[in-house]
Amino acid sequence: MKTLKILLIGQPNVGKSSLVNAIVGSRVTVSNYPGTTVEVAEAWKKIHDTEIRFIDTPGIYSISDKSEEEKVTEKAIFEEKVDGAIVVADATSLERSLYIALQILEAEIPFVLAINFVEDAEKKGIKIDYKKLEDLLYMPVVPINPLTRKGVNNLIEKVINIKNLTNPGFKVIYDDHIEKALEELTPYIENDGKLPVRFIALRILEEDEDFFKYLKDKKIINRAKEILKEHPKVAEDIAITRYGTASFIAGKVTRITSLALTKKKKKFEERFDSIILHKLWGPIITFFSLLLIFALLLYLGNLVQGFFMELTNDLSASLKFLKHSMLSIALSQSLTGLAAGISIAFPYVLLFYLILGLLEDTGLLSRFIVNTERFLRKIGLPAKSFIPLALGLGCTAAATRSTRVLSTKKEQFYTASLFAFVPCSSRIAIIMGIVGFYGGRILALYVFATLAVAGLIWSFVIKKTIHIKHEPLLLELPPYRKPMISNVLAKSWLRMKDFVYIVMPLLAIGGMSYGILNSLKITQYVASSFSIISSWLDLPDATVIPLFFGFLQKDLTGGMLISAMGTTDLSTLLTPLQIYIFGTAATVGIPCINALVMFIKEFGVKNAVGLTAASIIYGFLLSGLLWRAILLVGRF
Amino acid sequence: MKLIRKSKKSKDKDSTDLDLLRTVKEDILEVVGRAGGKILLRIMKPEIAVSQSTVTKAVEKLEEENLVEIIQGKEASEKYIHLTEEGQNRADTIIEKHSVLENYFKEKRRDKREAIEATNILEHYISSEVLDNIKKLASFQKEGTPITEYTSGEGFITDIKLNGKLFERIISMGIYPGEKIRIIRKIPNAVIIEVDNKKFALDRDIACHIKVLKNENA
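Heads up: the protein sequence lines correspond to chains A and B, in order.
Once you know that position 308 of the first sequence is 308 in my numbering, the rest is easy, because the numbers rise by one and skip nothing.
Once you know that position 8 of the second sequence is 8 in my numbering, the rest is easy, because the numbers rise by one and skip nothing.
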């Protein structure tokens with residue numbers, strides 16, 4: 001059995017992931033929003049006696065080290081010892097796709113150029129001479145259509161034979177002064193044989209810091225920096241030449257036969273965009289669409305939740321035969337924790353990811369992002385932070401990793417800190433299930449509003465205290481497309497993975513630790529010793545248990561409150577104001593230990609613990625102050 | 001992974017030959033063209049900044065293609081390289097292309113050395129369409145208007161004044177000097193543009209550094 005490791009590379013929206021879907025069946029994600037796949041997805045396919053491992057990389061416009069997508073792709077290219085690549089190109093703008101192809105050639109990775117959207121291009125009157133393109137690049141070229149599977153088998157065949165490609169392919173020749181600088185650098189480069197020296201030298205001239213490690217010592221690094229100083233615009237010149245070359249090749253192989261554009265579709269798009277990107281209507285439509293989606297989510301989530309609740313109830317009932325012992329408590333409590341997690345979080349999170357996937361694939365999401373950026377920039381966040389913040393409405397822990405789309409650690413941490421005010425499904429369940437159920441829907445709405453205001457205060461304070469450089473908006477607006485259901489499903493599943501494999505086990509552990517602490521009567525002890533909190537919030541002492549131990553398992557907060565108060569009719573023991581204050585105190589802040597674990601993974605122990613503590617204290621402080629403010633206002 | 005370097009299979013694909021040889025051939029035609037169509041081989045050779053053997057090979061190629069002739073002078077070492085009629089035509093286009101680009105970059109870049117360097121890079125690679133656009137730009141002798149202030153809808157990008165990484169990002173997205181651009185709408189945080197059938201939302205901070213000129217012929 002032979003094995004092949006094949007990279008998939010291409011710009012955002014070029015159809016890389018649909019192609020993998022077409023090859024191996026629905027197993028990877030597809031994005032119609034530039035930059036949602038920050039991680040590398042993998043898929044396997046066995047053909048004859050060859051097993052091909054496909055590595056799907058995030059969409060990028062060029063190989064460089066500017067954004068996280070590019071870093072991830074760069075890493076996949078250089079650290080996975082690949083046998084070759086499929087470069088997916090867009091027939092409607094070939095030169096742009098060739099830019100990356102030329103870089104892959106510089107890295108001496110053999111590839112098959114798969115040209116997608118051929119039909120779209122033909123409708124626009126663009127015809128590509130594939131044979132000529134092959135002759136120019138010295139690499140195989142295959143037109144494909146992942147939706148109809150046209151060309152896919154041909155592509156696979158070419159991929160299987162990729163090791164037979166012996167010609168290193170076309171090389172971009174740079175201007176004399178660049179070639180001279182490359183030559184000058186060459187002897188100093190420590191070559192480990194993985195990458196061509198010329199490629200490393202180019203990356204150094206393009207000021208990719210990661211590649212300075214190939215230079216033998218400090219002295220030589222300084223020399224390289226001198227060379228860079230001698231040629232001040234060298235990085236720009238390299239980019240221009242590469243694009244010029246791509247444009248030249250594209251010009252050679254493309255023929256514009258007619259200018260019969262698909263006018264009808266274009267007209268529809270223009271009209272649609274003129275509303276959705278209107279300076280006034282755009283944000284209004286975006287806001288109400290998001291609100292509508294949120295309401296729909298609550299409604300659907302509730303329906304699905306009922307179904308899951310019954311299922312898990314049956315399951316825990318079947319465990320009743322276990323007699324009271326530490327083991328049984330541990331077992332049944334971890335199951336309760338898991339069940340609560342599954343019944344509350346799972347349906348919301350899944351539905352949420354499905355809706356988000358649909359938004360992406362239709363092309364609406366990037367329009368929404370342009371509109372929300374107007375607000376986001378006011379609180380010092382770049383457009384890209386929209387995705388992690390939106391995902392935060394599903395599960396904070398699972399969303400934490402998505403902050404990686406942002407370019408700097410500072411931006412990532414700042415965005416993550418806002419998860420304290422973006423209620424995840426479990427916190428929404430507290431707001432709806434406790435505040436809404438016992439205090440009325442209006443009261444629940446107040447809690448949501450309080451979260452929003454608390455988040456705004458937080459972000460304005462942070463924006464004033466730490467300086468965040470404004471990252472300019474630069475986003476491609478993909479054409480509107482009909483979403484492919486299989487893609488949406490595949491993508492939702494990929495996003496669910498973090499939730500299922502990391503968050504769910506933690507839910508069981510959280511539930512178990514609460515059960516053990518509770519059976520040892522430690523929870524009561526804690527409740528009485530922290531009565532300062534309950535008196536600050538003007539809540540009964542027992543409420544400290546859910547407020548505190550809710551951190552172990554947010555989904556159990558409701559259950560904890562009921563068992564701590566000893567009644568299911570909370571409205572007899574708590575005033576509406578107390579219910580509101582409880583709801584606020586329980587939902588502001590980094591919600592749970594699962595989120596904390598993910599935060600530690602992303603930002604280190606110190607930052608994660610610091611942020612979690614600060615946000616929870618802020619939540620308690622704010623709730624207490626609110627209570628006093630409301631009393632004060634009530635007096636007048 | 002290393003690829004075995006075999007000799008390029010391009011030997012008889014002159015029309016599509018894109019490698020070093022093509023560049024050198026064009027440079028030779030340019031040098032001979034500027035010298036009035038005839039020049040001593042040994043004077044021409046040092047003008048081309050590549051190895052002697054490459055130049056010799058390029059001259060052989062040009063001879064094969066009937067673009068130049070080698071004429072033996074009185075002495076054995078006195079060899080002239082002479083443009084044929086077709087070679088002369090080719091040289092004229094190359095020289096014109098060069099001067100168009102050079103003028104363009106002299107306009108755009110203050111530093112003369114930089115202008116010449118940019119010209120030397122681009123002349124071999126640029127497509128005829130982009131070149132036409134640049135020619136138009138150069139003939140207008142105008143600076144262009146930043147996208148943020150541009151009101152006529154369609155036009156050509158004349159200049160992108162951004163630094164290193166942002167510049168590369170813009171270029172790699174296909175937003176490039178000489179390209180046709182359509183400004184679709186301006187919203188408070190961005191300008192929506194279309195370049196090469198692709199739509200982009202550009203921050204106003206980026207858009208104000210990209211200059212556009214109206215294409216009067218369109």
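Mixed in with the good hints, there may be bad ones.
Unchecked claim - Calculated pairs, DSS-like style, for lysine-lysine (alpha carbon to alpha carbon, straight line, at most 25 Å):
1) B:K79 to A:K265
2) A:K266 to B:K180
3) B:K165 to A:K233
4) A:K171 to B:K74
5) A:K229 to B:K214
6) B:K79 to A:K171
7) A:K229 to B:K61
8) B:K165 to A:K71
9) B:K161 to A:K213
10) A:K266 to B:K79
11) A:K252 to B:K186
12) A:K265 to A:K252
13) A:K163 to A:K150
14) B:K61 to A:K127
15) B:K79 to B:K45
16) B:K165 to A:K264
17) A:K469 to B:K57
18) A:K279 to B:K186
19) B:K180 to A:K252
20) A:K171 to A:K150
21) A:K131 to B:K61
22) A:K265 to B:K198
23) B:K180 to A:K225
24) B:K79 to A:K225
25) A:K132 to B:K61
26) B:K45 to A:K123
27) B:K161 to A:K482
28) A:K469 to B:K180
29) A:K267 to B:K79
30) A:K279 to B:K198
What the hints assert, rightly or not - One side only, chain B facing chain A, incomplete, derived with CB under 8 Å:
31) E75
32) S77
33) E78
34) Y80
35) G174
36) Y176
37) I183
38) R185
39) P188
40) I192
Since the hints were made in silico from the structure, they are not lab data.
Glycine residues also receive a C-beta, built at the ideal position from the N, C-alpha and C atoms.
Hint check:
| no. | hint | verdict |
| --- | --- | --- |
| 1 | B:K79 to A:K265 | 63 Å, violated |
| 2 | A:K266 to B:K180 | 17 Å, holds |
| 3 | B:K165 to A:K233 | 11 Å, holds |
| 4 | A:K171 to B:K74 | 41 Å, violated |
| 5 | A:K229 to B:K214 | 36 Å, violated |
| 6 | B:K79 to A:K171 | 33 Å, violated |
| 7 | A:K229 to B:K61 | 38 Å, violated |
| 8 | B:K165 to A:K71 | 14 Å, holds |
| 9 | B:K161 to A:K213 | 31 Å, violated |
| 10 | A:K266 to B:K79 | 61 Å, violated |
| 11 | A:K252 to B:K186 | 35 Å, violated |
| 12 | A:K265 to A:K252 | 29 Å, violated |
| 13 | A:K163 to A:K150 | 24 Å, holds |
| 14 | B:K61 to A:K127 | 31 Å, violated |
| 15 | B:K79 to B:K45 | 12 Å, holds |
| 16 | B:K165 to A:K264 | 38 Å, violated |
| 17 | A:K469 to B:K57 | 54 Å, violated |
| 18 | A:K279 to B:K186 | 8 Å, holds |
| 19 | B:K180 to A:K252 | 19 Å, holds |
| 20 | A:K171 to A:K150 | 30 Å, violated |
| 21 | A:K131 to B:K61 | 24 Å, holds |
| 22 | A:K265 to B:K198 | 14 Å, holds |
| 23 | B:K180 to A:K225 | 37 Å, violated |
| 24 | B:K79 to A:K225 | 45 Å, violated |
| 25 | A:K132 to B:K61 | 21 Å, holds |
| 26 | B:K45 to A:K123 | 49 Å, violated |
| 27 | B:K161 to A:K482 | 38 Å, violated |
| 28 | A:K469 to B:K180 | 31 Å, violated |
| 29 | A:K267 to B:K79 | 64 Å, violated |
| 30 | A:K279 to B:K198 | 21 Å, holds |
| 31 | E75 | 32 Å, violated |
| 32 | S77 | 28 Å, violated |
| 33 | E78 | 29 Å, violated |
| 34 | Y80 | 26 Å, violated |
| 35 | G174 | 4 Å, holds |
| 36 | Y176 | 6 Å, holds |
| 37 | I183 | 13 Å, violated |
| 38 | R185 | 6 Å, holds |
| 39 | P188 | 6 Å, holds |
| 40 | I192 | 6 Å, holds |
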